[in-house]
Amino acid sequence: LESLNDSKNVVRLYDHCIEYDPSGFGWTCCLMMELLTPFTEYQVFNELEEHDVIRLGIDICNVLEECEGKGILHRDIKPENIVLKEDGEVVLIDLDTVRKFDEDKSLDTIYVGTKQTAAPEQFGYRQTSVRTDIYGLGCLFLYLLTEQYSVYDVGWKALPTAVKRTIDRCLAFDPARRYPSVKSLSAELKSIALFSMRRSTVALLMACILAVLSIGGAFTHTAIDRYRYETMSVAFRNPLIEEAARATLEK
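The sequence shown begins at -14 in my numbering and counts up one residue at a time.
Quick caveat, the hints were computed from the structure, so don't treat them as lab data.
Among the hints, a few may not be true.
To be verified - Label-pair ranges, simulated between beta-carbon atoms:
no.	residue 1	residue 2	range
1	R150	E32	19 to 29 Å
2	G109	E32	36 to 46 Å
3	R154	Y27	26 to 36 Å
4	I194	G109	16 to 26 Å
To be verified - With a cut-off of at most 27 Å between alpha-carbon atoms, the simulated DSSO-like pairs for lysine-lysine come out as follows:
no.	residue 1	residue 2
5	K175	K149
6	K70	K175
7	K100	K63
8	K168	K63
9	K70	K142
10	K63	K142
11	K168	K70
12	K63	K149
13	K55	K142
14	K70	K55
15	K100	K149
16	K149	K55
17	K175	K142
18	K168	K149
19	K55	K175
20	K142	K100
21	K175	K63
No experiment lies behind these values; they were computed from the predicted model shown.
For every residue, glycine included, the Cβ atom is placed at its ideal position computed from N, Cα and C.
All chains, please: the whole structure from these sequences, using the hints.
As structure tokens, this is what we get:
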């Protein structure tokens, strides 16, 4: 944890100590960390849109990329392990499940994580790797966008094709079929965010054009109607009626 203390997306560790338990049942580890807002609490009062989830994913990729560079795996990516700074910056917590990747090992020594978001290899048939955290990110995206951990839920069908394709690749059973690195996943998310922004810009531009055309059309119709009113001529069959009408209109 101290090795990641310079990361803006990892909870900051201020101090720690290890004390022997007087009762004789081992040791007590005390950590002093910064106090931040739980993401689950933020969700209660704020509805997340697709672009919010994409931005969240990019922020988490930033810290996981740092972890990947140090050979560190989180292995428990879920909403409960995310907190927010005052400026909305995403921070990853609960690093008690982290481990160093060892390329000489074929299996993990112990199995940890959360059952709903754990990758298949976390159940013991293969060693966890950076692609394990990519699987966890896929579960996180799926849950935040559909409120379910299943791709068979109704909400899954409503997701944009690019988002579904990204989640599908993250959740591949075989780690070799997932994104090869956090950096490659981050690049994909940035591409989706850029496309979504362009799509929103085009939609806004079209709305403005339609509004201008609508106002212009209304103005044109008003001008034409006024011209017709001012230039039209009226013929009266009875001269007395015409005289009375002109007197009334002061003409």
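Inset, instruction - Take the C-alpha atoms of K63 and K149, compute the straight-line distance between them, and say whether it is at most 27 Å. - result: 19 Å, holds
Legend entry - Agreement of K63 and K142 with the hint, judged by alpha carbon distance not exceeding 27 Å: Judged against 27 Å, a Cα distance of about 22 Å means the pair holds.
Inset, instruction - With a cut-off of 27 Å on the C-alpha distance, tell me whether K100 and K149 pass. - result: 22 Å, holds
Inset, instruction - Given the hint that K168 pairs with K149, test it: the Cα-Cα distance must not exceed 27 Å. - result: Holds - the C-alpha atoms of K149 and K168 are around 19 Å apart, at most 27 Å.
Legend entry - Restraint check for K175 with K149, where alpha carbons must lie at most 27 Å apart: Satisfied, since the Cα-Cα distance of roughly 15 Å is no more than 27 Å.
Inset, instruction - Mind checking the alpha carbons of K70 and K55 for me, to see if they're no more than 27 Å apart? - result: Status holds; Cα separation ~24 Å.
Inset, instruction - Just tell me: holds or violated, for the beta carbon distance of R154 and Y27 against 26 to 36 Å? - result: At 28 Å between Cβs, range holds.
Legend entry - Straight-line alpha-carbon gap K55 to K142, limit 27 Å: Given pair K55, K142 is violated - Cα atoms ~38 Å apart, limit 27 Å.
Legend entry - R150 paired with E32, Cβ distance criterion 19 to 29 Å: 24 Å, holds
Legend entry - Satisfaction of hint between K55 and K149, Cα-Cα up to 27 Å: 30 Å, violated
Legend entry - Pair hint K70 and K142, alpha-carbon separation not exceeding 27 Å: 33 Å, violated
Inset, instruction - Take a quick look at whether K142 and K100 sit within 27 Å of each other, Cα to Cα. - result: With Cα atoms ~24 Å apart, K142 and K100 stay inside 27 Å; holds.
Checked against the numbered hints given earlier, this structure breaks hints 4, 9, 13 and 16; the rest are met.
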